[in-house]
Amino acid sequence: MWACLLLPHLALDGILRRRPTDGPLVLVDGPINARTIVAANASARAAGLRVGQRLTAAQALLAQFDAVPYDRDGVDKWHRFLAAVAYRYSSEVCLLPHAIVLEVSKSMGLFGPWPKLESLLRSDLTDLGFRHRIAAAPTAHAAYVLAGVSDGQAVLTSDVLRRALRQVPVQKSRLPAAAASLPGMGVRTLGQLMALPRDGLRRRFGAELLATLDRLTGDIPSGLESFRPPDVFDLRIELLHEVENQSMLVFPVRRMTGDLAAYLAGRDGGVQRFLLRLEHRDGCHTDVSVGLLAAERDAGMLFEFARGRLEHVALPGPVIALRLIARDLPAFVPVGRDLFDERPANALPIEQLRERLRARLGDSAVYRLGSTTDPRPERAQQVAATANVAVEAHPRPTWLLDRPIPLRGMAPLILSGPERLETGWWDDGEVCRDYYVVETTQGQHAWAFCPPGEQAGWMIHGWFA
Amino acid sequence: MSAVVQLSSMFDARQVWRGRAAPVPTGDQPTGWHALDAVLPTGGWPDASLSEILLPVDGVGELQLVLPTLARLTKNKRSVVIVAPPYVPCVAGWRQHGVDMRRVEIVNSAENDVLWATEQCLRSGSCSAVLAWPHRADDRALRRLQVAADTGKALAFVFRDRRHLSNASPAALRLELEAMPRAQIWVRKCRGANVPSQPIPLTRHVH
Numbered sequence: 050m051w052a053c054l055l056l057p058h059l060a061l062d063g064i065l066r067r068r069p070t071d072g073p074l075v076l077v078d079g080p081i082n083a084r085t086i087v088a089a090n091a092s093a094r095a096a097g098l099r100v101g102q103r104l105t106a107a108q109a110l111l112a113q114f115d116a117v118p119y120d121r122d123g124v125d126k127w128h129r130f131l132a133a134v135a136y137r138y139s140s141e142v143c144l145l146p147h148a149i150v151l152e153v154s155k156s157m158g159l160f161g162p163w164p165k166l167e168s169l170l171r172s173d174l175t176d177l178g179f180r181h182r183i184a185a186a187p188t189a190h191a192a193y194v195l196a197g198v199s200d201g202q203a204v205l206t207s208d209v210l211r212r213a214l215r216q217v218p219v220q221k222s223r224l225p226a227a228a229a230s231l232p233g234m235g236v237r238t239l240g241q242l243m244a245l246p247r248d249g250l251r252r253r254f255g256a257e258l259l260a261t262l263d264r265l266t267g268d269i270p271s272g273l274e275s276f277r278p279p280d281v282f283d284l285r286i287e288l289l290h291e292v293e294n295q296s297m298l299v300f301p302v303r304r305m306t307g308d309l310a311a312y313l314a315g316r317d318g319g320v321q322r323f324l325l326r327l328e329h330r331d332g333c334h335t336d337v338s339v340g341l342l343a344a345e346r347d348a349g350m351l352f353e354f355a356r357g358r359l360e361h362v363a364l365p366g367p368v369i370a371l372r373l374i375a376r377d378l379p380a381f382v383p384v385g386r387d388l389f390d391e392r393p394a395n396a397l398p399i400e401q402l403r404e405r406l407r408a409r410l411g412d413s414a415v416y417r418l419g420s421t422t423d424p425r426p427e428r429a430q431q432v433a434a435t436a437n438v439a440v441e442a443h444p445r446p447t448w449l450l451d452r453p454i455p456l457r458g459m460a461p462l463i464l465s466g467p468e469r470l471e472t473g474w475w476d477d478g479e480v481c482r483d484y485y486v487v488e489t490t491q492g493q494h495a496w497a498f499c500p501p502g503e504q505a506g507w508m509i510h511g512w513f514a
Numbered sequence: 174m175s176a177v178v179q180l181s182s183m184f185d186a187r188q189v190w191r192g193r194a195a196p197v198p199t200g201d202q203p204t205g206w207h208a209l210d211a212v213l214p215t216g217g218w219p220d221a222s223l224s225e226i227l228l229p230v231d232g233v234g235e236l237q238l239v240l241p242t243l244a245r246l247t248k249n250k251r252s253v254v255i256v257a258p259p260y261v262p263c264v265a266g267w268r269q270h271g272v273d274m275r276r277v278e279i280v281n282s283a284e285n286d287v288l289w290a291t292e293q294c295l296r297s298g299s300c301s302a303v304l305a306w307p308h309r310a311d312d313r314a315l316r317r318l319q320v321a322a323d324t325g326k327a328l329a330f331v332f333r334d335r336r337h338l339s340n341a342s343p344a345a346l347r348l349e350l351e352a353m354p355r356a357q358i359w360v361r362k363c364r365g366a367n368v369p370s371q372p373i374p375l376t377r378h379v380h
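Order-wise, the sequence lines are chains A and B.
Once you know that position 53 of the first sequence is 102 in this note's numbering, the rest is easy, because the numbers rise by one and skip nothing.
Once you know that position 201 of the second sequence is 374 in this note's numbering, the rest is easy, because the numbers rise by one and skip nothing.
It should be emphasised that the hints constitute simulated quantities derived from the structure, not laboratory data.
We put the beta carbon where it would ideally sit given N, CA and C, even for glycine.
Please note: incorrect hints may appear among the correct ones.
Sample of chain A residues at the chain B side, in silico, Cβ under 7 Å [to be verified]:
hint : residue
1    : 202
2    : 398
3    : 399
4    : 512
Ranges between beta-carbon positions, derived for each pair [said to hold, decoys possible]:
hint : chain 1 : residue 1 : chain 2 : residue 2 : range
5    : A       : 178       : B       : 275       : 35 to 45 Å
6    : B       : 241       : A       : 428       : 50 to 60 Å
7    : A       : 452       : B       : 309       : 19 to 29 Å
8    : A       : 296       : B       : 275       : 33 to 43 Å
9    : A       : 412       : B       : 259       : 14 to 24 Å
Only chain B is shown next, with the shape it has when bound in the complex (with noise of 0.2 Å):
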């Protein structure tokens, strides 16, 4: 066998390099939640990606964990696009988290169009965010979501029910939310960094 060569020689001499991930910037699209702004590498929801937030029911707090992103955007005059929503939004109840409504458009569609119209909305470039409730989305699906959302540099939200969660995903952000026995949110993936083992707990504020 050879001699010994020493590690730190070849790092030297550029012949060896250490392999690490590249830096992950920091985003401007905080969530608005300061716990989950601080577990999350981007700092907020990954830009022009698609997020995933998984529910065992509906109503368990799941706007409460946009609206404030959807607040923001509104304010700006940026329109927000929701596809498909399950109820009807109430708009007193989404004024009152500071959305501008006028700036919100809903549009219902057959189920079999769901994927057809948010890919529309994201691809456009005119959308700051959309949100959809697609029932039929496999791994395929949820890929086109996610390059539409990245040619359109939109933010892509995407809730499905929790029995998804083993399934694979192409989302940049997966969150499953748990109602029982008390509402907290996971963090199941997140792009560019570890998955907290923590749970972030969701403080539902009733105004």
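Extracted from the complex, chain A is given alone in its bound form (with noise of 0.2 Å):
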């Protein structure tokens, strides 16, 4: 069983999803003094421009609209961008003329029935912003040219199927070039040619023909070769206009990471690290770095993530294109909840929490502090350190002071102590200090130190708040 996803306005949606525009916008192509239109949008076509026509006779129709140059490896890359958001669906998916086609019977299993499999793929491409057509048929062809005919249909065996396509107009079965001239011979209809007997097809029309009759029924292999999603994502949009402030970056940001997210879930994979290239004129460019502490893959974060480095970007001049590059993509764990679990419902993770801080105060603004096996208090703890330390017996305060500070004025009351920490040699940072726990006149609790033996010079190095 196979599924056909037909892109009609392929060209056309790749150029509206970056730019939504309810004005008339056409695609022209062709030499530069014979450019024809190949795509228009409603309000062009609506105003009487069509495809085919010369941009000057639409030139002379309408006064104002935009006319976007036809770009052939942008529609390619459009193109295998949504194969690699098909990837999701099925493992063999392969490419036809502005059309995805994907093997989808092991898949059904795994997504339900093909009404349930049919609307998931629908949402997927109206989320994306593609108009599509589907149709699902045993064979990939005969997929093919039934979405080709009309949105919707499935056929799910193949005598359905052969009555199916018996009546499918020879104009509509994209049969070989030689074909052209059947429907001026009486052949109109896909069902009267399978009649005709095939030796005489052969030797009018070639072998070509046949092979093409018989791929559409199935009785030889479609011969496809599978898609396979690439290993980086790499996605550039060009700004129609050029923006100077940050706040016009957000639409096409919020696009592009949307992109990532659905070509993530396609591949099953998370993204750990991305970059934001935003290109200046004169072939400069500015990156902005997305690290994330886990992979994560859902659309809206990878949006709020990127959307928060992006705000403490001083842009050094006017942005003519961005680009999104994820090289980083290692495998993704979703997290596991507990069943029992007492936060409310609607709870953040707390992993999502950190990246959200992270993204507006600095990568380096939460951390989780560990001890270490130094008994200088100073190095006795860091950043992310996990070292196995049994609970010290000696007291230790709260607070922690980044600096010891003296202690002025009358002695301090002292509570405990003295405890010597002493040693270093290994590093040349060496100490050699008498603790206690005194209490100022104020009536706070300090650690304090003095050198060993004095009881003079205090050194205030931490609270016991």
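Join the two chains, each given in its own frame, into one complex according to the hints.
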């Protein structure tokens, strides 16, 4: 069983999704002096512009409209991107002109029966902003043909398929070019064509026509090459205008992170680190690196983190293009949640909270402290240390000062001590101090030290808060 | 003038109701200080609310007041966030009080972002307690924190200087710490009950 996603407006949707406009917009192609329209949006068609028209004729009809050059590489890129998205639903995805076909008989065991799978595919494509037609049939080419005839048709058995194919007009059945003369001979539907003797057809139109017919019915294998999604995500969007304000970048960045999330869902992976490259004129660019603590793939989160980083960037000049590059794509492990979790149902996971804080406050703003085995107080703890140290038997304060400060005024009241801490000969940070717990005249309990054997020159190193 | 009507008959006819405060539910957030639990109306910290702790200087036992709670929460594998602490928490000291430091997130933040970060943590619902040291917090900012604590069902502790005592506060509980002549806690405001007239002695034990 094969599903076909036909993308009739691939080029136009690729442009429109990065610039939603209601105004007339056409895609033009051809030599500079004879540009013709190859695609037009609804409002351009309403104004009388149509495909195949000369650009000069269109300009005579309508004073104001946008003409964007047709970008073959861009269309191909979108085609492959959507194939990578579809890869989520099947391991066998193939590319056909303006269409993607995927083998779904095994996928239905996971995603449910065909109507459910179809609605999943439709909602994915609609979210990404691509218009589409979907059909399903026992062979890849038949699904391709049926999608061209009508939207939403699903044929489950080969008997029904033969009956359905008989009704298809010859012009819509994607036969080789040699078959273009068939309607002139009175052969108007595939049913009539299949009823003709094969020997005569081979002599008159060549073996290619028969092979095409056999691929349609499944008598010979489709012979399509499987698509393999790329290992690196690299998406570039050229902005139609120069952008000097960061807030104008939010919309394209949201699109790009959404595409990244769709791609990641396709390969069942996550992203740990990605780069947002803001391209300026003269080939220079500003890089915004987004690093995460753990692999993520939620579109909303990726967008939020990218926007948080983007807000802190000072643009040296207007931006003409955006590029999102993700090379570090580790496997994604969803966070498990306790069945008897006490937190509110809509709670944000602590990992997401940490990422949100880091995005605004800086990468090193959120941390955990742990013990090390070093006896010197200033080195006994550090960020993310995990040494398994027994609980200290001697008094330790709850606040530690970054640098010891002198205790002035009257001699403090000694509550306990001394405890001698000395060592550090191995790294030239040797210390030798007698630590006491003292009470200051203001009633604070402090952890103070003085040179060994003396009880003067007090230095406060912590508070028993 | 009309005849005198018996008040009891009006009560019986349900024409008059006796106004009384809604009963305060007993919370399940004991402070770990029995003398303090005994005077607080919920038998502990007000749940999902803001508690304000006012200090004369740092180092007078303000952390000892909350560490038993933090120890209980972190042992139950709940996260605790410390926003913009005035000093570095000493891991050895906190562990002596039974706190699992793997569950304690420390957030360094510029002064402008302290309230934002605190509100985010409270609102997220994934933190069981958030401790913050805001320098510039007015009545509106504290009210936001109170609402956020209620939304995220978290305990919020705000440590401020004693001079803010005269300003009104939306916090459900206000405690003032006194170091001299002896260490004691004054309850300055507690929602749901009258303020006790006597201070509670704070025993400061050094391990």
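Taking the hints in turn, this is what the structure says about them:
1. Taking 7 Å as the C-beta contact cut-off toward chain B, the hint placing residue 202(A) at the interface is violated, the least distance being around 47 Å.
2. Hint status for residue 398(A): holds, given a least beta-carbon distance of 6 Å to chain B, under 7 Å.
3. At about 4 Å, the closest approach between the beta carbon of residue 399(A) and any beta carbon in chain B falls short of 7 Å, and the interface hint on this residue holds.
4. Nearest Cβ of chain B to the Cβ of residue 512(A): about 3 Å, under the 7 Å cut. The hint holds.
5. Restraint check, residue 178(A) to residue 275(B): a C-beta distance of roughly 44 Å satisfies the suggested window 35 to 45 Å.
6. Against the hinted window of 50 to 60 Å, the Cβ-Cβ separation of residue 241(B) and residue 428(A) comes to about 28 Å, which falls outside the hint.
7. In this structure, residue 452(A) and residue 309(B) meet the distance hint of 19 to 29 Å, their C-beta atoms being roughly 26 Å apart.
8. For the pair residue 296(A) and residue 275(B), the supplied restraint of 33 to 43 Å holds, since their beta-carbon distance comes to about 39 Å.
9. Between residue 412(A) and residue 259(B), the C-beta spacing of about 23 Å keeps the proposed range 14 to 24 Å intact.
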